[in-house]
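K.L.:
Counting in our numbering, the sequence shown runs from 220 upward without gaps.
Hint data in this document are derived by calculation from the structure and do not stem from the laboratory.
Model, not experiment: these values are computed from the prediction.
The reader is advised that the hints may include incorrect statements.
Okay, the calculated beta carbon distance ranges per label pair [claimed, not checked]:
hint, residue 1, residue 2, range
1, Val287, Phe244, 34 to 44 Å
2, Asp233, Asn278, 49 to 59 Å
3, Ser285, Lys255, 26 to 36 Å
4, Lys240, Gly304, 50 to 60 Å
Quick list of in silico lysine-lysine cross-link-like pairs, BS3-like style, CA-CA up to 25 Å [claimed, not checked]:
hint, residue 1, residue 2
5, Lys238, Lys252
6, Lys240, Lys255
7, Lys252, Lys230
8, Lys240, Lys252
9, Lys230, Lys240
Ideal placement from N, C-alpha and C gives every residue a C-beta, glycine not left out.
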Amino acid sequence: MHVILPEDLVKAVDDLAGKGKRSRFVEEAVREKLRKENLLSALAETAGSLSAEDHPHWNTKEDVASWVRESRRQSDERLNRLHRG
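Full structure from sequences and hints, please.
P.N.:
See the structure below:
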(Lines of atoms letter the chains of each structure in order from A and count residues from 1; the text may use other names and numbers.)
(Lines give C-alpha, C1' and ligand atoms only; values in the text may rest on other atoms or scores of the structure.)
Protein backbone atom coordinates (compact mmCIF):
# COMPACT_ATOMS: atom_id res chain seq x y z
CA MET A 1 0.00 0.00 0.00
CA HIS A 2 1.27 3.44 -0.88
CA VAL A 3 -0.25 6.42 0.91
CA ILE A 4 0.23 10.06 0.03
CA LEU A 5 -0.39 12.60 2.78
CA PRO A 6 -0.24 16.38 2.70
CA GLU A 7 3.11 17.77 3.83
CA ASP A 8 1.60 19.58 6.82
CA LEU A 9 0.06 16.32 8.06
CA VAL A 10 3.37 14.46 7.71
CA LYS A 11 5.11 17.22 9.67
CA ALA A 12 2.46 17.04 12.41
CA VAL A 13 2.94 13.26 12.68
CA ASP A 14 6.72 13.65 12.76
CA ASP A 15 6.47 16.35 15.44
CA LEU A 16 4.23 14.17 17.58
CA ALA A 17 5.52 10.65 17.01
CA GLY A 18 9.00 11.17 15.61
CA LYS A 19 10.22 10.47 12.07
CA GLY A 20 11.18 6.89 12.80
CA LYS A 21 7.73 6.08 14.10
CA ARG A 22 5.48 7.27 11.27
CA SER A 23 4.26 3.83 10.24
CA ARG A 24 3.36 2.82 13.78
CA PHE A 25 1.51 6.11 14.32
CA VAL A 26 -0.46 5.72 11.08
CA GLU A 27 -1.22 2.07 11.91
CA GLU A 28 -2.62 3.05 15.31
CA ALA A 29 -4.64 5.88 13.79
CA VAL A 30 -6.15 3.59 11.14
CA ARG A 31 -6.98 0.92 13.73
CA GLU A 32 -8.69 3.51 15.92
CA LYS A 33 -10.66 4.91 12.97
CA LEU A 34 -11.77 1.39 11.97
CA ARG A 35 -12.82 0.66 15.56
CA LYS A 36 -14.92 3.83 15.64
CA GLU A 37 -16.49 3.14 12.24
CA ASN A 38 -17.35 -0.43 13.28
CA LEU A 39 -18.90 0.85 16.49
CA LEU A 40 -20.96 3.44 14.61
CA SER A 41 -22.10 0.75 12.19
CA ALA A 42 -23.15 -1.53 15.05
CA LEU A 43 -25.00 1.33 16.70
CA ALA A 44 -26.83 2.13 13.46
CA GLU A 45 -27.78 -1.52 12.99
CA THR A 46 -29.18 -1.84 16.50
CA ALA A 47 -30.82 1.58 16.77
CA GLY A 48 -34.42 1.23 17.85
CA SER A 49 -34.07 -2.34 19.05
CA LEU A 50 -34.93 -1.21 22.59
CA SER A 51 -38.21 0.64 22.89
CA ALA A 52 -39.21 3.02 25.66
CA GLU A 53 -42.38 0.98 26.16
CA ASP A 54 -40.39 -2.19 26.80
CA HIS A 55 -37.99 -0.45 29.20
CA PRO A 56 -39.82 2.26 31.17
CA HIS A 57 -37.10 2.08 33.84
CA TRP A 58 -34.80 3.82 31.34
CA ASN A 59 -36.88 6.97 30.80
CA THR A 60 -34.39 9.42 32.31
CA LYS A 61 -30.66 9.51 32.99
CA GLU A 62 -31.43 9.14 36.67
CA ASP A 63 -33.58 6.07 35.95
CA VAL A 64 -30.78 4.51 33.92
CA ALA A 65 -28.20 5.26 36.63
CA SER A 66 -30.47 3.71 39.24
CA TRP A 67 -31.03 0.64 37.07
CA VAL A 68 -27.27 0.24 36.54
CA ARG A 69 -26.57 0.56 40.28
CA GLU A 70 -29.23 -2.04 41.10
CA SER A 71 -27.96 -4.40 38.38
CA ARG A 72 -24.43 -4.10 39.74
CA ARG A 73 -25.64 -4.68 43.31
CA GLN A 74 -27.48 -7.84 42.25
CA SER A 75 -24.46 -9.03 40.28
CA ASP A 76 -22.17 -8.42 43.26
CA GLU A 77 -24.54 -10.39 45.49
CA ARG A 78 -24.51 -13.33 43.05
CA LEU A 79 -20.72 -13.26 42.84
CA ASN A 80 -20.41 -13.14 46.62
CA ARG A 81 -22.73 -16.14 46.98
CA LEU A 82 -20.74 -18.08 44.39
CA HIS A 83 -17.46 -17.15 46.02
CA ARG A 84 -18.63 -18.31 49.43
CA GLY A 85 -19.56 -21.64 48.03
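K.L.:
Failing hints, ascending?
P.N.:
Hints that this structure does not satisfy do not exist here, as all of them hold.
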